[in-house]
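Colleague: What follows is the residue order along each chain.
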Amino acid sequence: MKSSAVMKGMLGFYIVLFFLYLFGPLMVMSVTAFNTPSYPQALPFEGFTLQWFEKLWNHRLMMEGLLNSIIIGLGVVTISVPIGLAASIIMNQIYHRARSLFYLVTISPLLTPGVIIGISTVIFWKDAFGLTDWSKATFYKGIVLSILGQASFVSAYCLLIIMARLTRFDRAQEEAALDLGASYPQVFWHVLLPFLKPAMLSASVIAFLSSFENFNTTTFAILADKTLVTVLAGETRQGTTPALSALAVIIIAISLVGAITYELLKRREEAAAERMKERARLAERGELEQA
Amino acid sequence: MSAGVELDHVTVKFGNFTAVNDATLDIRSGEFFSFLGPSGCGKTTILRTVSGFLDPTAGSVRIGGQDMQGIGANKRPTALIFQNLALFPLMTVAENIAYGLRVRGVDKMARRKKADELLDLIALKGQGDKLVSELSGGQKQRVAIARALAVEPKVLLLDEPLSALDLKLRQHMRNELRAIQQRVGITFIYITHDQGEALTMSDRIAVMSDGVIEQVADGKMVYDKPQTPFVASFVGENNPFPGTVSKATATGAVVDTAFGPLAGLNPNGLKVGDKAILFVRPETLKLGKGAAATSFTTEVESVAFEGNMTHVFLKGAAKKNITVTVGRHGGVKMPAQGDRANVHYDEAYGLVLPEGKMARE
Amino acid sequence: MSSRALVLLVPFLVITAFWLMARYESKLGHDPTHKSYWERNGTVLGIAFIALVAFWTLFLVTLPYLYMVVESFHPRLPPAQRGGPNDFLTIAQYKSFIVSPTDGEWNWIHMGNFTYTIVVSAAVTFLNLCICYPLAYYMAQSGSAQKVRLLMLALIVPYWINEILRAFAVRLLIASKGLINQALMGSGITDVPIDFLGSNTGMWIGLSYANLLIMIFPLYNAIESLDKNQIEAARDLGAPWWKIHRDVVIPYAKPGIASGCTMVFMLAAGSLAAPLFLSGPQQRWFTMTVYDFFFQAFNWPRGSAYAFILLAACITFVMLVLKLFKVKLGEAIR
Ligand SMILES: Nc1ncnc2c1ncn2[C@@H]1O[C@H](COP(=O)(O)OP(=O)(O)OP(=O)(O)O)[C@@H](O)[C@H]1O
Ligand SMILES: [Mg+2]
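Residue numbers (the numbering used here), protein chains in the order written: chain A, 1 to 291; chain B, 292 to 652; chain C, 653 to 986.
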């Protein structure tokens, strides 16, 4: 049994190391956001300041980039979630050989480096939008191209997420609705869509976040425009300032709040489900007594 | 309103596999009709063909005299209770019940009213706003029935609706179902592999095996006058004695079995030399000596006392035992294991059927 | 008709082939329940689904890729001459990867960059597999539900920090004025700061760090569904722990391993941020070469050719991994 204690100790040590590796850099960066020197340094801690957050707030380029990032993110969500939904439904309705071909095409953006998606998007749409002067003036823009480029692979994420839930759909539900007189479109709106709603919500969140943090595709597709991440890249290239750390702190804080909210919501949902089950058990008992 | 259902030489194939083979039936309007058969024999397939989810490979289905060819499931005057109920988990109980009305464009008030009425019928008054997941198994069951009844179908199709329930509740729901059927007065087509259910509830029963309808009759007929070895061995307990017909008259026949010549009724008019099986039910076999043509002797393997009756297991010809079920009457002395016992029966309870497939144990 | 316009035809051929295949398979009649696509979805929804999927697969996926490939077979021309007599098909761009077009010598620099990129990406992939496997196994098999949830939460938070900031964080740590060098010099191990960035150590760390979680989630998902009894049975039979992993866990987790490896490799080889901010000047990452052709040399055809070479390498690697693990694409990516 001694060896198992050693194993346990080693495991604990390893887990600590792992999380040190994962969080260490982020923590050091976070400290530099509150330290006074203009070179981001963690130690020695020369004085607490919030000036880097203020700098960030006044950073015009970053704020512009942020706005663009949000617009692009929303654009990607509006395109990708419906595409993912449509693709998962079609995938579900075709047979195996056609299905594997379809799968290959739809999944290929996930196996393609982001830079290549960005490049091909720019090359293709430059000529496609370039066909008329009007379309060139209206659509050949960084924001539009970024949405198109990102939607190419984000749609695949959405497909996978929605598909995962769709495969758990009980066909009997569909048949029950039909049997009660619903048309197929009614089945879609009344039964299938509500069932897929949670997956579509997660797909939306994932789509927005993937779009928001994307660099590889965007850096090509954004052309002369900018997003928060491309501005960030430019800043990082030029030099280092604690303002970047401040931004990281904000993102970490938002992720933390998001993750904790998600966890709490999930717990509440589980508790509610548990209550339901308890009630069902009670009803069961009552009925047995009656019978 | 109610309607009858006719199956006219219906065959359903999945690829090369024939799930239903040339089924012809006439289910009367207002009847409680059951399909009884072992798992995988094609019961669900027949039901899905009637409700319109499957198209027959050959033959036709008529409901109320009207051919259903080309009429989709959502246009047929049938409602189906699914094997797993298929209630909509994201809707409340009332919404579930009123769903059929919602898709027919009935307004909200009228829907609610109808739902309340039906909730009353299924003894769930005032529970319309609950979620389905809050209900017990039996309650879910009744909601599924109410949901199907809400659209006022002419035929209600039920696919093993009680199989998920607790045994005790199942007994209770049998009566409930039968009562509901009598109240609403529409045709019920009921599927089950539980013969108790089929026998107690149905006006008539179709016994199926491997896609073929073996016999259609009321419960008493199916039990007393089975037409095939399958029905004889599937419904209730039975003792088969295979052999060859050695004597045949208009009403009776004698079969040369491993225990010598034994006599029984001959409803199928078998002739001398035909391969046949004589069936005698355990409760009609009696211990003790009888006439030569209806008695035999064999060794006692074991005796099982069950309170209201006792099963005596006798050594049969093949591996299978012969069962004699003895009721609680004083006179007979129970044999012990290893004894030799005389067994006899009344010729009217012996049934000679042509050789054929039997039910698996 | 120009070759660029011909590209348009290819996807339509594919679609036609796909449509015929779907028709044929549904006609085979596996299933008498089968309703036609239009019956099952209605006209309006049916058209909407097809339009959405067609837009995606045609205009966002296949056409841009094909177009890029076609571009790579063209010479570099000023816009005015595009489509003119000088715009012929050529493999010059691919040749330039092997033989430098300026001096006719072997193009060691670019081939070297490419090889370096592939080798380092593979190494980083393997490194991450080793780092993540124990934790994934622990979370999936031995941790209590409560603990696993907490660990999951801890993993998800840093997942959403973007690549740039992660590279930045690593850089702060290992820069010459960074915490690690401070510590090393403070303790007297070295007198001058170690140049982690110049030696590309920073980039290795950055690549591994950025893709850590990409590896752990597929591994976790794969191992989680393994029945605990199997491991216990193996332990009962007296198998030492490493044998349990070799014979039970790893074979079972194959799809997860394949999935994690392909994703990490692809993301590492295609990575731009870590090389941009964490690499030294002497050995460049291949994506940076591609990047420069677009933004500095403005040579799109050559950039496209290089991008295609990178893509081909990634596809080859994915195929290789799937072959090696005998996993189907559908199992690896879900
Ligand atoms: N879609 C299908 N494709 C191929 N074979 C099928 C399909 N549906 C049913 N079958 C086969 O047809 C046979 C009859 O199935 P069916 O569901 O009608 O049986 P059942 O009598 O309802 O059985 P159970 O009591 O288990 O519900 C089975 O052998 C089944 O495997
Ligand atoms: Mg069935």
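A hint or two may mislead.
To be verified - Lysine to aspartate or glutamate pairs mimicking EDC-like chemistry, simulated, CA-CA at most 20 Å apart:
#1 C:LYS829 to A:GLU46
#2 A:LYS126 to C:ASP944
#3 A:LYS277 to B:GLU592
#4 A:LYS197 to B:GLU590
#5 B:LYS421 to A:GLU263
#6 B:LYS421 to A:GLU235
#7 C:LYS799 to A:GLU235
#8 B:LYS416 to A:GLU263
#9 B:LYS610 to B:ASP637
#10 B:LYS304 to C:ASP944
#11 C:LYS687 to A:ASP170
#12 B:LYS459 to A:GLU289
#13 B:LYS611 to B:GLU592
#14 B:LYS421 to A:GLU270
#15 A:LYS8 to C:GLU884
#16 A:LYS126 to C:ASP739
#17 B:LYS459 to A:GLU174
#18 C:LYS687 to B:ASP346
#19 A:LYS277 to B:GLU590
#20 B:LYS580 to B:GLU597
#21 C:LYS679 to B:ASP501
#22 B:LYS648 to B:ASP457
#23 B:LYS511 to B:GLU322
#24 C:LYS799 to A:GLU46
#25 C:LYS829 to A:ASP170
#26 B:LYS366 to A:GLU174
#27 B:LYS606 to B:GLU592
#28 B:LYS416 to A:GLU284
As the list claims (entries may be wrong) - Taking CB as the label site, the calculated pair distances span:
#29 A:THR261 to C:LEU658: 48 to 58 Å
#30 A:HIS96 to B:THR348: 44 to 54 Å
#31 B:GLY331 to A:GLY12: 47 to 57 Å
#32 A:TRP189 to B:GLU646: 53 to 63 Å
#33 C:LYS829 to A:GLY130: 44 to 54 Å
As the list claims (entries may be wrong) - Which chain A residues stay away from chain C? Per the calculated CB distances, all over 12 Å, these:
#34 ALA86
#35 GLN93
#36 SER204
Honestly, the hints are just simulated from the structure, not real lab data. Quick reminder that beta carbons are idealized off the backbone N, C-alpha and C, glycines included.
Colleague: Each hint should be assessed against the structure and marked as holding or not.
Modeller: Results of checking the hints against the structure:
{"no.": "1", "hint": "C:LYS829 to A:GLU46", "result": "holds (15 Å)"}
{"no.": "2", "hint": "A:LYS126 to C:ASP944", "result": "holds (19 Å)"}
{"no.": "3", "hint": "A:LYS277 to B:GLU592", "result": "violated (49 Å)"}
{"no.": "4", "hint": "A:LYS197 to B:GLU590", "result": "violated (69 Å)"}
{"no.": "5", "hint": "B:LYS421 to A:GLU263", "result": "violated (26 Å)"}
{"no.": "6", "hint": "B:LYS421 to A:GLU235", "result": "violated (57 Å)"}
{"no.": "7", "hint": "C:LYS799 to A:GLU235", "result": "violated (39 Å)"}
{"no.": "8", "hint": "B:LYS416 to A:GLU263", "result": "violated (37 Å)"}
{"no.": "9", "hint": "B:LYS610 to B:ASP637", "result": "violated (25 Å)"}
{"no.": "10", "hint": "B:LYS304 to C:ASP944", "result": "violated (64 Å)"}
{"no.": "11", "hint": "C:LYS687 to A:ASP170", "result": "holds (17 Å)"}
{"no.": "12", "hint": "B:LYS459 to A:GLU289", "result": "holds (10 Å)"}
{"no.": "13", "hint": "B:LYS611 to B:GLU592", "result": "holds (11 Å)"}
{"no.": "14", "hint": "B:LYS421 to A:GLU270", "result": "holds (18 Å)"}
{"no.": "15", "hint": "A:LYS8 to C:GLU884", "result": "holds (17 Å)"}
{"no.": "16", "hint": "A:LYS126 to C:ASP739", "result": "holds (17 Å)"}
{"no.": "17", "hint": "B:LYS459 to A:GLU174", "result": "violated (31 Å)"}
{"no.": "18", "hint": "C:LYS687 to B:ASP346", "result": "holds (10 Å)"}
{"no.": "19", "hint": "A:LYS277 to B:GLU590", "result": "violated (55 Å)"}
{"no.": "20", "hint": "B:LYS580 to B:GLU597", "result": "violated (24 Å)"}
{"no.": "21", "hint": "C:LYS679 to B:ASP501", "result": "violated (27 Å)"}
{"no.": "22", "hint": "B:LYS648 to B:ASP457", "result": "violated (33 Å)"}
{"no.": "23", "hint": "B:LYS511 to B:GLU322", "result": "holds (16 Å)"}
{"no.": "24", "hint": "C:LYS799 to A:GLU46", "result": "violated (37 Å)"}
{"no.": "25", "hint": "C:LYS829 to A:ASP170", "result": "violated (60 Å)"}
{"no.": "26", "hint": "B:LYS366 to A:GLU174", "result": "holds (15 Å)"}
{"no.": "27", "hint": "B:LYS606 to B:GLU592", "result": "holds (6 Å)"}
{"no.": "28", "hint": "B:LYS416 to A:GLU284", "result": "holds (16 Å)"}
{"no.": "29", "hint": "A:THR261 to C:LEU658: 48 to 58 Å", "result": "holds (52 Å)"}
{"no.": "30", "hint": "A:HIS96 to B:THR348: 44 to 54 Å", "result": "violated (23 Å)"}
{"no.": "31", "hint": "B:GLY331 to A:GLY12: 47 to 57 Å", "result": "holds (54 Å)"}
{"no.": "32", "hint": "A:TRP189 to B:GLU646: 53 to 63 Å", "result": "holds (57 Å)"}
{"no.": "33", "hint": "C:LYS829 to A:GLY130: 44 to 54 Å", "result": "holds (48 Å)"}
{"no.": "34", "hint": "ALA86", "result": "violated (4 Å)"}
{"no.": "35", "hint": "GLN93", "result": "violated (6 Å)"}
{"no.": "36", "hint": "SER204", "result": "holds (15 Å)"}
Checked against the numbered hints given earlier, the structure breaks hints 3, 4, 5, 6, 7, 8, 9, 10, 17, 19, 20, 21, 22, 24, 25, 30, 34 and 35 and satisfies all the rest.
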